[in-house]
Amino acid sequence: MSTQAHPSLNLRAGLVSLLILAVLLGIWYAATLPSGGAGSAGGATAGMTPEQIEYAKLMGKDVGAASASGSGKSSGFPTLGQVASTFAQQLANPFYDNGPNDKGIAIQLAHSLGRVGLGFLFACLVAVPLGFVIGMSPLLYRALDPFIQVLKPISPLAWMPLALYTIKDSSISGVFVIFICSVWPMLINTAFGVASVRRDWLNVARTLEVSPMRKALRVILPAAAPTILTGMRISMGIAWLVIVAAEMLVGGTGIGYFVWNEWNNLSLTNVIFAIVVIGVVGMLLDLMFARLQRLVTYVE
Amino acid sequence: MNAFLKVEGLAKTFVPGKPVFADVDFGFERGEFVCIIGHSGCGKTTILNVLAGLDTASSGNVFMDGREVAGPSLERGVVFQGHALMPWLTVRRNIAFAVESRWPDWNAAKVNEQVEKFVAMVGLSHAIDKKPSQLSGGMKQRVGIARAFSIQPKMLLLDEPFGALDALTRGTIQDELMGIVRETQQTVFMITHDVDEAILLADRILLMSNGSETPSGYVPGGIAETVTNPLPRDRTRAGLHHLGGYYELRNHIVDFLVTRAKAGH
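Taken in order, these protein sequences are the chains called G and D.
1 is the number of the first residue of the first sequence in the working numbering; add one for each residue after it.
1 is the number of the first residue of the second sequence in the working numbering; add one for each residue after it.
Just so you know, these hints were derived from the structure itself, not from any lab.
The model shown is predicted, which means the values in this text are computed figures rather than measured ones.
Treat the hints with care, as some may be off.
Unchecked claim - Derived pair list, reagent style SDA-like, types lysine to any residue, alpha-carbon separation capped at 20 Å:
{"hint": "1", "chain 1": "D", "residue 1": "131", "chain 2": "G", "residue 2": "297"}
{"hint": "2", "chain 1": "G", "residue 1": "168", "chain 2": "G", "residue 2": "158"}
{"hint": "3", "chain 1": "D", "residue 1": "117", "chain 2": "D", "residue 2": "106"}
{"hint": "4", "chain 1": "D", "residue 1": "154", "chain 2": "G", "residue 2": "206"}
{"hint": "5", "chain 1": "D", "residue 1": "130", "chain 2": "G", "residue 2": "298"}
{"hint": "6", "chain 1": "D", "residue 1": "131", "chain 2": "G", "residue 2": "12"}
{"hint": "7", "chain 1": "D", "residue 1": "262", "chain 2": "D", "residue 2": "45"}
{"hint": "8", "chain 1": "D", "residue 1": "131", "chain 2": "G", "residue 2": "200"}
{"hint": "9", "chain 1": "D", "residue 1": "6", "chain 2": "D", "residue 2": "70"}
{"hint": "10", "chain 1": "D", "residue 1": "130", "chain 2": "G", "residue 2": "295"}
{"hint": "11", "chain 1": "D", "residue 1": "130", "chain 2": "G", "residue 2": "206"}
{"hint": "12", "chain 1": "D", "residue 1": "154", "chain 2": "D", "residue 2": "32"}
{"hint": "13", "chain 1": "D", "residue 1": "110", "chain 2": "D", "residue 2": "93"}
{"hint": "14", "chain 1": "D", "residue 1": "130", "chain 2": "G", "residue 2": "222"}
{"hint": "15", "chain 1": "D", "residue 1": "131", "chain 2": "G", "residue 2": "296"}
{"hint": "16", "chain 1": "D", "residue 1": "130", "chain 2": "G", "residue 2": "218"}
{"hint": "17", "chain 1": "D", "residue 1": "131", "chain 2": "G", "residue 2": "209"}
{"hint": "18", "chain 1": "D", "residue 1": "131", "chain 2": "G", "residue 2": "225"}
Hey, can you work out the whole structure from these sequences and the hints?
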């Protein structure tokens, strides 16, 4: 019995997930169903005199199409079918490039991931060594604490004007914004992880007369690695949230710019598509760091 | 006096005017097994940490082999109360870390040979590639002992190594430790709470009293008495209580702990 309990729980959870999805899609379908069309089967033109029809046409209303889709007062919100066809279209050709305002989703994603990756990498290079030093020195821990506490809660986008003014390049400014938002969780977690390495392990290293470098790499780093990785995972989550907003602001390329551009095109189906893609990519990034975290976690 | 280890006028003060212990003098010879026994808070662990070089005394000096102890050294191996194994390393890597620190120029094969020799010594060859989390408390403490022995220190310091173990496991490891110490002629300084453990293992037992308030003022703690173990060196745990003199020795130490050690807290 107990051996069967585990897979069957997963299976049941999966079924419930599918059920919830089906219900949500069902509500969406029902909500975007054309109203009024079903009641007057003849369509919107049925009760109108020819003069009225002509008047409507002159006013720019497409009477024929309206009756064909049966939409007397459509909300304009895309239906399931329309979104599905956008998904199919976008996924069928993710790499097309028809100029600056019309690129495939993969190209946009690559730009965003590139910026996030670069900013995150620089943040790692700064935060991990600095966090190490702060964690090892109670003096620096206290001396730098006020700066960290003030800088940490600043929305990374608030740095954007300064970055644009000094760097004078919108793409690199995006990278800077990612850097500034990912650096804090990593810095704080590294310092905390290093500062709370068990005294016993440090004493072992001391009695073995281990050199400071070897102690840092062989004792402190593995001991603090789970905490550092947690910081990295939080940083990556924040970076992926911020990149969308940053790209909406600076424009040009990237998934955030894509969302903004499609909003200006009033193409809600593409906006919905982008939202789903952002979610899926964010989930994959998080899973990646969860996997890394599991690699360095130890049981005491 | 030209002892192997010499402690002179050692004192440790946390609250000014009320040292935890003061005027601690003792010494011992190479190859001796010395136990220190006393109530919690008398400063046993502080003395051990000073000998290890992990802590500093407020006053007094420690000399080993004619040289002053100033900081930790590979000459003194420490077995910590909470085994202090690194949980991300296997038993093999934990001990190799110590061996590589002792002899940085050894190649991997030589390090491994030394590691396997000392793991076999504590009877854990079957578990050499396991992580500490997969081992029982007794096995972890054995690994800690193997690690301390593997660097072949001049003196071994044990801080209540069996305190957290159940009685059966404790007995087994005491026997093992005794066998290894006899074989290697290792000099050992050990803290214990267990009177029988001290009688079984030690050549000499230092009885330590707590600091206390008396009508004539505060009296710091210190070594109240040094007892030389009169029992034959080939004593065993099983036969201990049949030896003549065992009960006199045991009663003497227990009386000291109950009436004279002044465990006020």
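So, going through the hints one by one against the coordinates:
With a C-alpha separation of about 12 Å, the suggested pairing of residue 131 of chain D with residue 297 of chain G holds against the 20 Å cut-off. Our distance criterion of 20 Å between C-alpha atoms is met by residue 168 of chain G and residue 158 of chain G, whose separation comes to about 16 Å. Straight-line distance between C-alpha atoms of residue 117 of chain D and residue 106 of chain D comes to about 15 Å, which keeps the hinted pair within the 20 Å bound. At roughly 17 Å between alpha-carbon atoms, residue 154 of chain D and residue 206 of chain G fall within 20 Å of each other, so this suggested pair holds.
With a C-alpha separation of about 13 Å, the suggested pair residue 130 of chain D and residue 298 of chain G falls inside the 20 Å cut-off, and the hint holds. With a C-alpha separation of about 36 Å, the suggested pairing of residue 131 of chain D with residue 12 of chain G is violated against the 20 Å cut-off. For the hint pairing residue 262 of chain D with residue 45 of chain D, the CA-to-CA distance comes to about 18 Å; that is within 20 Å, so the pair holds. A threshold of 20 Å between alpha carbons decides the hint, and for residue 131 of chain D with residue 200 of chain G the separation of about 17 Å falls inside it, so the pair holds.
About 14 Å separates the Cα atoms of residue 6 of chain D and residue 70 of chain D, which keeps this hinted pair within 20 Å; it holds. A distance of roughly 16 Å separates the Cα atoms of residue 130 of chain D and residue 295 of chain G; the hinted pair therefore holds under the 20 Å criterion. Restraint check for residue 130 of chain D and residue 206 of chain G: not satisfied, since their Cα atoms lie roughly 25 Å apart, outside the 20 Å limit. Taking the CA atoms of residue 154 of chain D and residue 32 of chain D, the gap is near 11 Å; set against the 20 Å cutoff, the hint holds.
Proposed proximity of residue 110 of chain D and residue 93 of chain D is supported: the alpha carbons are some 14 Å apart, at most 20 Å. The hinted pair formed by residue 130 of chain D and residue 222 of chain G meets the criterion: a straight-line CA distance of about 17 Å does not exceed 20 Å. Distance restraint check for residue 131 of chain D and residue 296 of chain G: the Cα-Cα separation of roughly 14 Å lies within the 20 Å cut-off, and the hinted pair is therefore satisfied. Only pairs whose Cα atoms come within 20 Å are accepted, and residue 130 of chain D paired with residue 218 of chain G is accepted, the gap being roughly 19 Å.
Between residue 131 of chain D and residue 209 of chain G, the direct Cα distance comes to roughly 24 Å. Violation of the 20 Å bound is thereby established for this hinted pair. Under the criterion of a C-alpha separation no larger than 20 Å, the hint pairing residue 131 of chain D with residue 225 of chain G is consistent with the structure, at around 17 Å.
Checked against the numbered hints above, the structure violates hints 6, 11, 17; every other hint is satisfied.
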